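For the record, the sequence lines run as chains A and B.
Under full-length UniProt numbering, the first residue of the first sequence is numbered 1, with each subsequent residue one higher.
Under full-length UniProt numbering, the first residue of the second sequence is numbered 1, with each subsequent residue one higher.
In short, the hints are calculated from the structure, not lab data.
Be a bit skeptical, because a hint or two may be false.
[Said to hold, decoys possible] Each pair of labels, with its calculated beta carbon distance range:
1. A:Glu429 - B:Glu136: 26 to 34 Å
2. A:Arg314 - B:Thr511: 52 to 60 Å
3. B:Leu86 - A:Pro40: 44 to 52 Å
4. B:Tyr455 - A:Asp23: 23 to 31 Å
[Said to hold, decoys possible] Here are a few chain B residues that face chain A, going by a calculated C-beta distance under 8 Å:
5. Leu71
6. Asn92
7. Arg117
8. Pro249
[Claimed, not checked] Here are the simulated DSSO-like cross-link-like pairs (lysine-lysine), alpha carbons at most 30 Å apart as the crow flies:
9. A:Lys308 - B:Lys320
10. A:Lys58 - B:Lys328
11. A:Lys273 - B:Lys403
12. A:Lys69 - B:Lys283
13. A:Lys308 - B:Lys328
14. B:Lys271 - A:Lys273
15. B:Lys391 - B:Lys403
16. B:Lys391 - A:Lys101
Note that the coordinates shown come from a computational prediction; the quantities given were computed from them, not determined experimentally.
Think of the CB as a built atom: it goes at the ideal place given N, C-alpha and C, for glycine as much as any other residue.
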Amino acid sequence: MLSGILIFNQKGENLIFRSFRSDCRPRLADIFRIQVISNPQVRSPILTLGSTTFSHVKHENIYLVAVTKSNANAALVFEFLYRLVMLGRSYFGKFDEEAVKNNFVLIYELLDEILDYGYPQNTETDTLKMYITTEGVRSAIANSATDSSRITMQATGALSWRRSDVKYRKNEAFVDVIEDVNLLMSATGTVLRADVNGQIVMRAYLSGTPECKFGLNDRLLFDGDSAGGSSLGGGGGSGGGAITGNRDGTTKATRAAAGSVTLEDCQFHQCVKLGRFDADRIISFVPPDGEFELMRYRATENVNLPFKVHPIVREVGTTKVEYSVAIKANYSSKLFATNVVIRIPTPLNTAKTTERTSQGRAKYEPEQNNIVWKIARFSGGSEYVLTAEATLTSMTHQKAWSRPPLSLSFSLLMFTSSGLLVRYLKVFEKNNYSSVKWVRYMTRAGSYEIRF
Amino acid sequence: MAMSRIRGAFAVPRKGETFELRSGLVSQYAYERKESIQKTIMAMTLGKDVSSLFPDVLKNIATSDLEQKKLVYLYLMNYAKSHPDLCILAVNTFVQDSEDPNPLIRALAIRTMGCIRVDKMVDYMEEPLRKTLRDESPYVRKTAAICVAKLFDLNPAMCLENGFLEMLQDMIGDPNPMVVANSVTALSEIYHAAPETQALKVTTNTLRKLLMALNECTEWGRVTILTTLAEYKTTEVTESEHICERVAPQFQHANPSVVLAAVKVVFLHMKNVKPELASNYLKKMAPPLVTLVSSAPEVQYVALRNIDLLLQKQPEILNKELRVFFCKYNDPPYVKFQKLEIMVRIANDRNVDQLLAELKEYALEVDMDFVRRAVRAIGQVAIKIESASEKCVNTLLDLINTKVNYVVQEAIVVIKDIFRKYPGYEGIIPTLCKCIDELDEPNARAALIWIVGQYAEKISNAGDILAGFVEGFNEEFSQTQLQILTAVVKLFLKRPEKAQGLVQKVLQAATAENDNPDVRDRAYVYWRLLSNTSDPNATKDIVLSEKPPIVTTIHSLPPALLEQLLTELSTLASVYHKPPEQFVGQGRFGADAVQRAAIEEQIQNARENPLAAAAAAAAVTGSAPPPQSQNNVENLLDIDFDGTAPASAQKEPSGGMSGLEGLAGTPVRVESPAAGAPAGSNNLDDLLGVFGDGGGATAPSSSSGGAGADLMNGFAGLDLSGNGTTSPPPGGSQPKKTNEDIMSLF
Numbered sequence: 001m002l003s004g005i006l007i008f009n010q011k012g013e014n015l016i017f018r019s020f021r022s023d024c025r026p027r028l029a030d031i032f033r034i035q036v037i038s039n040p041q042v043r044s045p046i047l048t049l050g051s052t053t054f055s056h057v058k059h060e061n062i063y064l065v066a067v068t069k070s071n072a073n074a075a076l077v078f079e080f081l082y083r084l085v086m087l088g089r090s091y092f093g094k095f096d097e098e099a100v101k102n103n104f105v106l107i108y109e110l111l112d113e114i115l116d117y118g119y120p121q122n123t124e125t126d127t128l129k130m131y132i133t134t135e136g137v138r139s140a141i142a143n144s145a146t147d148s149s150r151i152t153m154q155a156t157g158a159l160s161w162r163r164s165d166v167k168y169r170k171n172e173a174f175v176d177v178i179e180d181v182n183l184l185m186s187a188t189g190t191v192l193r194a195d196v197n198g199q200i201v202m203r204a205y206l207s208g209t210p211e212c213k214f215g216l217n218d219r220l221l222f223d224g225d226s227a228g229g230s231s232l233g234g235g236g237g238s239g240g241g242a243i244t245g246n247r248d249g250t251t252k253a254t255r256a257a258a259g260s261v262t263l264e265d266c267q268f269h270q271c272v273k274l275g276r277f278d279a280d281r282i283i284s285f286v287p288p289d290g291e292f293e294l295m296r297y298r299a300t301e302n303v304n305l306p307f308k309v310h311p312i313v314r315e316v317g318t319t320k321v322e323y324s325v326a327i328k329a330n331y332s333s334k335l336f337a338t339n340v341v342i343r344i345p346t347p348l349n350t351a352k353t354t355e356r357t358s359q360g361r362a363k364y365e366p367e368q369n370n371i372v373w374k375i376a377r378f379s380g381g382s383e384y385v386l387t388a389e390a391t392l393t394s395m396t397h398q399k400a401w402s403r404p405p406l407s408l409s410f411s412l413l414m415f416t417s418s419g420l421l422v423r424y425l426k427v428f429e430k431n432n433y434s435s436v437k438w439v440r441y442m443t444r445a446g447s448y449e450i451r452f
Numbered sequence: 001m002a003m004s005r006i007r008g009a010f011a012v013p014r015k016g017e018t019f020e021l022r023s024g025l026v027s028q029y030a031y032e033r034k035e036s037i038q039k040t041i042m043a044m045t046l047g048k049d050v051s052s053l054f055p056d057v058l059k060n061i062a063t064s065d066l067e068q069k070k071l072v073y074l075y076l077m078n079y080a081k082s083h084p085d086l087c088i089l090a091v092n093t094f095v096q097d098s099e100d101p102n103p104l105i106r107a108l109a110i111r112t113m114g115c116i117r118v119d120k121m122v123d124y125m126e127e128p129l130r131k132t133l134r135d136e137s138p139y140v141r142k143t144a145a146i147c148v149a150k151l152f153d154l155n156p157a158m159c160l161e162n163g164f165l166e167m168l169q170d171m172i173g174d175p176n177p178m179v180v181a182n183s184v185t186a187l188s189e190i191y192h193a194a195p196e197t198q199a200l201k202v203t204t205n206t207l208r209k210l211l212m213a214l215n216e217c218t219e220w221g222r223v224t225i226l227t228t229l230a231e232y233k234t235t236e237v238t239e240s241e242h243i244c245e246r247v248a249p250q251f252q253h254a255n256p257s258v259v260l261a262a263v264k265v266v267f268l269h270m271k272n273v274k275p276e277l278a279s280n281y282l283k284k285m286a287p288p289l290v291t292l293v294s295s296a297p298e299v300q301y302v303a304l305r306n307i308d309l310l311l312q313k314q315p316e317i318l319n320k321e322l323r324v325f326f327c328k329y330n331d332p333p334y335v336k337f338q339k340l341e342i343m344v345r346i347a348n349d350r351n352v353d354q355l356l357a358e359l360k361e362y363a364l365e366v367d368m369d370f371v372r373r374a375v376r377a378i379g380q381v382a383i384k385i386e387s388a389s390e391k392c393v394n395t396l397l398d399l400i401n402t403k404v405n406y407v408v409q410e411a412i413v414v415i416k417d418i419f420r421k422y423p424g425y426e427g428i429i430p431t432l433c434k435c436i437d438e439l440d441e442p443n444a445r446a447a448l449i450w451i452v453g454q455y456a457e458k459i460s461n462a463g464d465i466l467a468g469f470v471e472g473f474n475e476e477f478s479q480t481q482l483q484i485l486t487a488v489v490k491l492f493l494k495r496p497e498k499a500q501g502l503v504q505k506v507l508q509a510a511t512a513e514n515d516n517p518d519v520r521d522r523a524y525v526y527w528r529l530l531s532n533t534s535d536p537n538a539t540k541d542i543v544l545s546e547k548p549p550i551v552t553t554i555h556s557l558p559p560a561l562l563e564q565l566l567t568e569l570s571t572l573a574s575v576y577h578k579p580p581e582q583f584v585g586q587g588r589f590g591a592d593a594v595q596r597a598a599i600e601e602q603i604q605n606a607r608e609n610p611l612a613a614a615a616a617a618a619a620v621t622g623s624a625p626p627p628q629s630q631n632n633v634e635n636l637l638d639i640d641f642d643g644t645a646p647a648s649a650q651k652e653p654s655g656g657m658s659g660l661e662g663l664a665g666t667p668v669r670v671e672s673p674a675a676g677a678p679a680g681s682n683n684l685d686d687l688l689g690v691f692g693d694g695g696g697a698t699a700p701s702s703s704s705g706g707a708g709a710d711l712m713n714g715f716a717g718l719d720l721s722g723n724g725t726t727s728p729p730p731g732g733s734q735p736k737k738t739n740e741d742i743m744s745l746f
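The shape of chain A in the complex, shown without the other chains:
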């Protein structure tokens, strides 16, 4: 498997060199620096030289490199590198050159723990944080034998993600449904691609070893497996308010209340019992303590697009481009989106721009070749317009403008583009305590692009 993990800064200085096998020699660091970091031609994340393969990802201003000598599992290698990035971020806040230099001892310690002989071991942040800490000196737990055995039990147990002795005075669970809506619209206004990548993040503050059951308005669950093809009016539209303590969601009532959603695919945190989901689509799990991503899903049918954008862009001769961009909010007037940012590309040889907006502020950002139009608060149903003009310098070498797509970012609370709703979250624990649950919905722009 992995022969070594290397971390470089942008200049190609080797910050971390941890070899796991004898075939990972120090000079490999030089080879990577020469062949990848100082070679602008490299376009692939995988490079094999002789029988050595370098797989790298770039994060902030560092390169994380995995060295392998065999026909390694490439998907696993990259996924592991990304997991390392995640660990770094959760330990240091930001995982960059600075953090690596300041914490190199800890990083070596982490690498030693999460890889053995090049095989990934437990990479769960919460578990690792129990015995590898930033405090420098080990806190008492890791050094006392009894506590250590408890830690190691957890690090290897079937519930490797949860301590058994969690206690809260007030038992609460917060569920965040966060959807990234992706749109690609053609210049003629047809939707080329619209889909939703959703994630459900849970913050569980529950005592003991709670067994949770989680229900969505998933169409397959409603209709049973038989009616897979039939289409049900799926647009739940705006997600309702927070539901709290919906402990015994009677199926019949909710079935009538909400439309259902077809989930194209779901991925679950490792705590979810996949066998049960596969058999009867019940999401059942023992949650880790604190925040974690319970599931990710994808939906492609009946996607509610929160914003409609109509750009009109005219190139007047070779010296001027005229813009008129209208944007309309397509959700209930009770809701409002925040931080709406519209990036309108300008040609590379733009000299100056003038812009007028009916709401918000627009500014030209030369380094990005964009006019950035920001609207802090965008209430439902309203429509705003920007008109702008870009004056171009004439260039001796006139090259056609590639017209990159116009892109949008926003966040919109209490709205799900897919129409997904949480129907219930039930908690079963042997102490039979009562718990409070909160649900929040949010839709953000994923890659929301409009061609013109």
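We have chain A already, so just place chain B on it with the hints.
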């Protein structure tokens, strides 16, 4: 304070740094010693040689500070080799630690011992390892399990003698899933290093245990177990069904590598189950595969390469998912290129309009490489889907009208391929001829000249056009020269009155003033043919023969290689689309592997051979070739392996990796396929040429035009002549061969 001092170590080394470190290491204050160890490790990372500090670092090994212990161990692992004798001093600590009441320390000790690759240390490992393998803590056991693999690497004999393998095999039944996973990992590592040990033998019993552990262990453990399940070969239908049933839920795992590993298992075991069930699994597989496309770009890239493989085997699985493969504006190039290839693969009558609109959009972007590939993709779609060919041609004409130089050139090359499949587009030739002055790449020039020569009777000013090229004959690339030569001869045969002088001139230039043997040889052959007065039609029959239409310009892997790669899903081999022998150490130049690969190439060749029409038909429908053509294939094999095997063996490692380079011991660079594809396919074409079946006529690469084919056949001729008379030339074995180019050689 401490931080700034540590960071200081990144600065340029000062004089006497080692001295400073040493005095720190032996300081009477614990914190100074620890800090010095940290600095030493830092220096080690920077590549400085701090091995001279070995004894001083070693003194700090006996400590209750776990962090310091880990640092000392890290140092030890790095420099043990340079001071093998001194390592003995550490043994005592290791043995003690392996009996520490704290499981973390026990595990640390056994983990580190395995990494100190010194013979003497190995001698002391036996006892601690035996104990830790039976430790009460699963954390220690899982660490010890891996340690067995480390020991096996160092000293296989000792590992076997002490029965560690058997212990490990028993541990597959361990109650803790992580111990199971690591035992499987270690066993599979040992098994792959030394298959004769039979270390990992999956029986019905172990299979049950593996499937049980699968749902409980960590994500990485799941990958290990799934990989083992994929390698497990069973013929029993019920067993395969059971495996598929238990593995399919893993499609829903959050970790893409688990998903891919699960896809691999189900895909391989699916062959044994009932067809309805299998198609059910195929349906189930599609959504998770699509989800992989929204992961991080590097993971996405691996996934896309794998999807490409799966599609070559099961073209239908992602039929409805065209849109998810649309390129995003900021996708990295390697992802975009791969998405293009996949889109072409899943193109069909229903989605072709959408696809064409999208491809046209890409062709107007700025990244030159991407634009070219987009144009090429349009051509591939045209040849793949007959009903869409007209729309494709119109799209290409639109692109030609943009007058962007490289778009025009690529479009011409692509249109040439379309001509080779569909008649009836001669109407656009005048439009093409208008671009003649803008073409500066040999490929594009050759393509246009081929078109002019091929349709000389329909182009009124063909003579003038060709005359222009003949004028500058000696400045052209040989690829273009060959094409000019052929085109002029064609023109002469079709309209002798127009080209009498021209043909004289070009033959003169090609024979008298040219250094390229291929060009000269071809000119002589034409000359002789033309001066043959006994049968004036013979020349026409040869040069103007009817050419079989091409089947596809989409690159596909030979079936045998594809089968092999499907068993390698999600590994590097599946990313490179190359068998692992080609880029991992052992057996890279193993004669067997290379010959096997060569035979596969050969079979693929034969399938594409226009003469073996049945076989070609089979290639289109994807069914096995009928027995008759199979014979043909075998004949060809016999001929070619009479004498040319060594030559082919040297040529085999395509994609910028020539056998010679590798033998000389220089590092061989294997560029990732997305970036290196054009080079790779050209090499492949060379290979086709070596086998001399005239595969150029159907050469899978659209980049090599007619000129490319000629060049290849040139190689074939050279190669065969080198073989003497023992093996009859392939042309001879295929008397009906009407390909003008290959005939021209004899």
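Evaluated hints:
Our hint of 26 to 34 Å for Glu429 (chain A) and Glu136 (chain B) holds, since their Cβ atoms are close to 29 Å apart. Between Arg314 (chain A) and Thr511 (chain B) the beta carbons are some 59 Å apart, a value that agrees with the proposed interval 52 to 60 Å. Checking the proposed 44 to 52 Å range against Leu86 (chain B) and Pro40 (chain A) shows it holds: the Cβ atoms sit about 45 Å from each other. For Tyr455 (chain B) and Asp23 (chain A), the Cβ-Cβ distance of about 59 Å falls outside the hinted range of 23 to 31 Å, so the restraint is violated.
The restraint placing Leu71 (chain B) at the interface with chain A holds, with a minimum CB-CB distance near 7 Å, inside the 8 Å limit. With a least beta-carbon distance of about 21 Å to chain A, the hint placing Asn92 (chain B) at the interface is violated under the 8 Å criterion. With a least beta-carbon distance of about 6 Å to chain A, the hint placing Arg117 (chain B) at the interface is held under the 8 Å criterion. At about 4 Å, the closest approach between the beta carbon of Pro249 (chain B) and any beta carbon in chain A falls short of 8 Å, and the interface hint on this residue holds.
Restraint check for Lys308 (chain A) and Lys320 (chain B): the C-alpha separation of about 26 Å stays at or below 30 Å, so the hint holds. Annotation: proposed proximity of Lys58 (chain A) to Lys328 (chain B) holds, straight-line Cα distance about 19 Å (limit 30 Å). Under the criterion of a C-alpha separation no larger than 30 Å, the hint pairing Lys273 (chain A) with Lys403 (chain B) is inconsistent with the structure, at around 58 Å. Taking the CA atoms of Lys69 (chain A) and Lys283 (chain B), the gap is about 35 Å. The hint is violated against a cut of 30 Å.
With a C-alpha separation of about 19 Å, the suggested pairing of Lys308 (chain A) with Lys328 (chain B) holds against the 30 Å cut-off. Straight-line distance between C-alpha atoms of Lys271 (chain B) and Lys273 (chain A) comes to about 27 Å, which keeps the hinted pair within the 30 Å bound. A hinted pair counts as satisfied when its Cα atoms are at most 30 Å apart, and Lys391 (chain B) with Lys403 (chain B) qualifies at roughly 19 Å. Only pairs whose Cα atoms come within 30 Å are accepted, and Lys391 (chain B) paired with Lys101 (chain A) is rejected, the gap being roughly 58 Å.
Hints 4, 6, 11, 12, 16 from the earlier list are contradicted by this structure; the remaining hints agree with it.
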